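Engineer: One letter stands for each residue in the lines below.
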Amino acid sequence: MENRKLIKIATAGSVDDGKSTLIGRLLYDTGSLTTDKLEAIEKTSRQRGFDYLDFSLATDGLVAEREQGITIDVAHIYFNTDKTNFIVADTPGHVEYTRNMVTGASTSQVAIILIDARKGVIEQTYRHFFISNLLRLSHVVVAINKMDLVGYDEDVFLKIKADFDALVEKSNFQTEQITFIPISALKGENIAKKSAEMPWYVGNTLLDHLEVLEPEDLQEQAYARFPVQYVIRPKTDAFHDFRGFSGKLYGGNLQVGDQVTILPSFTESKIKSIQLFDQELEVAVPGASVTITLEDEVDISRGDMIVKSSELPSSEKSITATICQVNHKPLKIGQKYTLQHGVNRVLAKVESIQSKIQTDFSGEESTEALKLNDIGKVSFKLSKAIHFDPYQVNRSNGSFILIDEGTHDTVSVGFIEARD
Amino acid sequence: MSNIYFNPKESESIHILREVAAQFERPVLLFSGGKDSITLVRLAQKAFYPARIPFPLLHIDTGHNFPETIQFRDELVKELGLELIVRNVQDSIDQGKVREEKGRYASRNTLQTTTLLDAIEEFKFDACIGGARRDEEKARAKERVFSVRDDFGQWDEKNQRPELFDMLNGRIDQGQNVRVFPISNWTELDVWEYIKTENINIPSIYFAHKREVFFRDGLIWTANEHVYREPHEEVKEKMVRFRTVGDMTCTAAVLSEADTLDTVVEEIRQSTLSERGARIDDKRSEAAMEKRKKVGYF
Chain A
1 MENRKLIKIA TAGSVDDGKS TLIGRLLYDT GSLTTDKLEA IEKTSRQRGF DYLDFSLATD
61 GLVAEREQGI TIDVAHIYFN TDKTNFIVAD TPGHVEYTRN MVTGASTSQV AIILIDARKG
121 VIEQTYRHFF ISNLLRLSHV VVAINKMDLV GYDEDVFLKI KADFDALVEK SNFQTEQITF
181 IPISALKGEN IAKKSAEMPW YVGNTLLDHL EVLEPEDLQE QAYARFPVQY VIRPKTDAFH
241 DFRGFSGKLY GGNLQVGDQV TILPSFTESK IKSIQLFDQE LEVAVPGASV TITLEDEVDI
301 SRGDMIVKSS ELPSSEKSIT ATICQVNHKP LKIGQKYTLQ HGVNRVLAKV ESIQSKIQTD
361 FSGEESTEAL KLNDIGKVSF KLSKAIHFDP YQVNRSNGSF ILIDEGTHDT VSVGFIEARD
Chain B
1 MSNIYFNPKE SESIHILREV AAQFERPVLL FSGGKDSITL VRLAQKAFYP ARIPFPLLHI
61 DTGHNFPETI QFRDELVKEL GLELIVRNVQ DSIDQGKVRE EKGRYASRNT LQTTTLLDAI
121 EEFKFDACIG GARRDEEKAR AKERVFSVRD DFGQWDEKNQ RPELFDMLNG RIDQGQNVRV
181 FPISNWTELD VWEYIKTENI NIPSIYFAHK REVFFRDGLI WTANEHVYRE PHEEVKEKMV
241 RFRTVGDMTC TAAVLSEADT LDTVVEEIRQ STLSERGARI DDKRSEAAME KRKKVGYF
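So the sequence lines, in the order shown, correspond to chains A and B.
When the letters of the first sequence are read in order and numbered with the numbering used here, they come out as residues 1 to 420.
When the letters of the second sequence are read in order and numbered with the numbering used here, they come out as residues 1 to 298.
Next up, chain B with everything else stripped away, as it sits in the complex (with noise of 0.2 Å):
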């Protein structure tokens, strides 16, 4: 019997867990198979034990995912008897409604918020969890807790509810719905040392391994049929790893040679770039993460 365990983030997350559970009638948590969704489930699993985490998982599949992020989920999803929805970004785009990107930047990062959207819609969910932090990028760090949308899934960044002491309001009208981040926040190195100490799996990306990868923009590129090459970039095969897991298209990798959790936190303590750093979306725009929020993006 251990006499006192306390960690103040673990903490405020559950309680917020627990909040969502509460105060809701159809939430989800939103999973991508990333380190932070996948944190979010331990932090869930430990929010209701013994009993089974009460709501559902949604992945929405931009069918460019690494596939080793695939395989964790289906393992996660089935070694925790947890129930998990899938929506295809290739269906939207099939239905018309989203036009595949072209060319040299093309990602279908932009596109997941329309099959989001439709999904939220479809199944009626009032609350969906994310595990966005506030210190990933400034648009970010203005987030609630709890951030109500409107039926079209905006995000009103002038009228925010107030958030004081840990009092969470979820009250919301019929339609609207509140985008609920526990990890609110944590910061890239603590989610990494709370992975480490709970010894939590993760995607084998994370870790150092070798891949066909081309340089472009000093940014170290996938080379793979989803992401657009041109004839003179050249596919080089290197030592690298992942920092952060999105959509082949819009994730650059990173020189590493870590390939343990104790050198992957250590190679994070010491990194002088942010980890958005490497996320070739945000590099559209300063305020490129805003404009997708203000749409219903995460």
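So that you can see chain A by itself, here it is in the shape it has in the complex (with noise of 0.2 Å):
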């Protein structure tokens, strides 16, 4: 893995504006696709009658997926190139489109939001962007596709580009955050080859853009936040006295010798070590899974948190979060569910809900319940304080999921507001 960089995409479109191409594509310029992969997609492609490469059967992997055509779950797709990893999300266009999408936004730093030129900003669009917004993705790349198809016109580029500043400007995006690029998937112009049919662009391919992003430029500033996962008690000879305290950091940075408090019992100790495996650490990154020793005997078990006793987050039996429902259960008033905040969980009770919110940033409105796909904004009541920061400020620790306590299943997905 040699210190290549790592960046998570989501991609995002409707039915036929050239997912799976574009994927299959890049797939296929950076030398990812194999010979015997593109070989049973050239023979498939045959069969079917078509007279070019169907990339989209690099991705659909599923046989309910291949009968009909579409794409059904979600499908994570990777290449690399010499300097970067990449992971895509390759979430589907039409079928439940909000939960599949926030799941495959949920892990990516990065949407991809495809355009047909053709149709220019549709209602999906609309969607896909307040998706974006809401998860708080650091960057988004509005691909406006099948450039080929109106006869690689700037204007019909333009057009497009100044209805999405629109829809900018309704949300949380900075300009910078935003970077558009005309691409034909089909044919590889601006995918990882500058496109001779588009002179008037002068920005870089889709794949270079991709490249010069960073994964730290990606990743918020948010202070320290160390949930205990597993205590690690080894009682061998060795390492008799043995208590180290392992976790994944989020957020900040992590030292040797910081002034800590442990969450609930707000017990204060110092950090003695940092490890991973047999290795001794002076520093955490955020992303880092590590074990902490302390310099003091203290009561913690999972689910606890570690942070800077200068930097404490907000611990509250009551929270209002923005809900996606990603389950065919509907979320009702008073219904009880187990929060899992992180690696932690506790009860959590439905006390109202206050609204559901449109995604094409038309305006919310009043209801009783929120069914699949639906967003709204909801408060609840937890059986013990949980340890948060809101969503905006720190992604991992403003987040938390909601499990139905007869199915098991994962319901629903929250984003937590800051306390008025």
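Since the hints were made in silico from the structure, they are not lab data.
Computed from a prediction, not measured in an experiment: that's the story for all the values here.
Among the clues, some could well be false.
[As the list claims (entries may be wrong)] Under the rule of at most 16 Å between Cα atoms (straight-line distance), these lysine to aspartate or glutamate pairs were calculated in the EDC-like manner:
hint : chain 1 : residue 1 : chain 2 : residue 2
1    : A       : Lys-5     : B       : Glu-193
2    : B       : Lys-238   : B       : Glu-212
3    : B       : Lys-158   : A       : Asp-409
4    : B       : Lys-238   : B       : Asp-262
[To be verified] What the simulated footprint calls covered on chain B by chain A, stretch by stretch (three residues with Cβ under 8 Å from a Cβ of chain A suffice, anywhere in the stretch; the number is not a length):
hint : stretch
5    : 27 to 34
6    : 95 to 108
7    : 124 to 131
8    : 157 to 163
9    : 167 to 175
10   : 199 to 208
Beta carbons: idealized from backbone N, C-alpha and C, even for Gly.
Hints in hand, dock the two standalone chains.
Structural biologist: Quick look at the structure:
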């Protein structure tokens, strides 16, 4: 893995705007599509009577998907260039779009929103951008596809860009977080090589653009949060008194010697060591899975959180959050769920549903229940306090899932709002 | 003292392994002796160090494994002080639960599923950790990190739990189990580069060596009493290595001179053939993997 940076991307687009073709093209142009897979695609494309390579065959993995020619579920696609590892969450365009895009985007830093140059900004585009905004993705690439079908006309590109800019004004996005690229996924224009057909476009190709993004720039500047996942007690002769607290760090750095507070007990101690396997580290960086030991004997178990004493999160037994419903069972007032916040679980009761939010930026309306794919603002009462930051400050410490007590299914995802 | 060390994919895998240990009562790591499960063992060592890995290994032995792999397995277990459970496909055959395939493409690969499901029931495993990766095969690209199976071991590909951020929901009913894939997001090259960086031991069959083989359908088959061969199929000695290690009856070799980790990594980097291109079992039909997965295969 030789220090290659990792960029995670979610794709969004409606049916037939060429999403699978784009991904197939990215795989093809980076040499990630092996000969045998390419041969299989050629063979099946021929069988179906296509006169082009149907790259969607590279990503639609299930029998039912190939039967129907649609994408049912999120697939993860990988490709590497010399400098960068990419993970693409390929989310279906139409079936249960909101939940699927939220799922795919939750693990991504960048969204590619595809627009069919012939159709321009449509209702789906609103929804995709709304979700990118809700999830606070760091960067959006608007790929205006099928430029070959509009004669590579700059005016078409500029018109769509202007329409999209109007959308950006309604959101929290800064214009520098958004990049517009005119492409033809089918013909490979502006994907890995600059298009001779569009000399008026002076920016980077899609691949060049994705390569210049830096993971650090895509990361939030947040306080360090270390939720304790697992307590390590070897009880062997060599490590008889060892008590380590394992977890993954979110937000900022933690260093040996840092003064820390353990939540919920609010006990204080100092970081004695940070370890990964047999290595002793000086600093743990965001995203690192490490084991921490403390100077003092402190009672700590799974679900507790270690933070710097100077940077405490909110500890509350009631929260308000934006919810996206990802299950067929609706969320209703009075209902109880298990709320999983990071690795911590508490019981939660729906106190009130304040509104259902329209994903086309047209406003909010009141509702009794949130159905599958609905997004709304909900207040909860919790059995125990959780230690959170607002989602806009720390994505990992500001999000949670709701688990149905009966079926054990994950039914909702929540983004915690700042206290008023 | 090193200052900073950070590998995002390794970090994610360690996080997943710790969730397994915390959320389940009887997890097990499915170990085949192949590079992916060997990588899992290293990741588990890292996740729980300086404590021991808090779950046993389970090997479903087809009886048709490469002897080098079995030898490697036993040495690894001994060196790390791990608990190893072995269950044999031969026993399932003797009990009449499965029937040995016959003829040109006979393989015990599919038969493993029955032995595996029986072992899960016998030991009441609630989480089975496996080394499958999403880049291997298109049905696997759809797989969750925590993938719930019903008490028949079945995978319902149309009704999977969404996985949001890195929160993993391992809540299940009695009788269900979860298949866990900590290296879902790794590619074959990631695994090889990791083995090289970490200097992890792997079975010798991954390196180029002389072996008795024969050619059929454009693939290189191991010549051995377990592999069906027609009289006219001529055995030759060739310099080969394996990219994937499964049952001898379903794993084809590749011609190679790569006999060190450096040359192996370089070969993978240059290769235009996918890893599973040498898996004979996947060539049975376009949906071969998905069909096996649905009934409980890994």
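Engineer: It remains to establish, for every hint, whether it holds in the given structure.
Structural biologist: Each hint tested on the structure:
With a C-alpha separation of about 14 Å, the suggested pair A/Lys-5 and B/Glu-193 falls inside the 16 Å cut-off, and the hint holds. With a CA separation close to 7 Å, the supplied pair B/Lys-238 and B/Glu-212 stays within the 16 Å bound. Note on B/Lys-158 and A/Asp-409: the hinted pairing holds, with a Cα-Cα distance of about 14 Å set against a maximum of 16 Å. About 21 Å separates the Cα atoms of B/Lys-238 and B/Asp-262, which puts this hinted pair outside 16 Å; it is violated.
For the stretch 27 to 34 of chain B, the assignment as covered by chain A is violated, since 0 residues bring a beta-carbon within under 8 Å of that chain's beta-carbons and 3 are needed. A count of 0 residues in the stretch 95 to 108 of chain B with a Cβ less than 8 Å from any Cβ of chain A is obtained; the coverage claim is therefore unmet, three being the minimum. Check result for the stretch 124 to 131 of chain B against chain A: violated, 0 residues qualifying (beta carbon to beta carbon below 8 Å, three or more required). Coverage of the stretch 157 to 163 of chain B by chain A holds in this model, with 6 residues showing a Cβ closer than 8 Å to a Cβ of that chain against a need of three.
Judged by the Cβ-Cβ criterion of 8 Å, the stretch 167 to 175 of chain B is covered by chain A as claimed, because 5 of its residues qualify and three suffice. For the stretch 199 to 208 of chain B, the assignment as covered by chain A is violated, since 0 residues bring a beta-carbon within under 8 Å of that chain's beta-carbons and 3 are needed.
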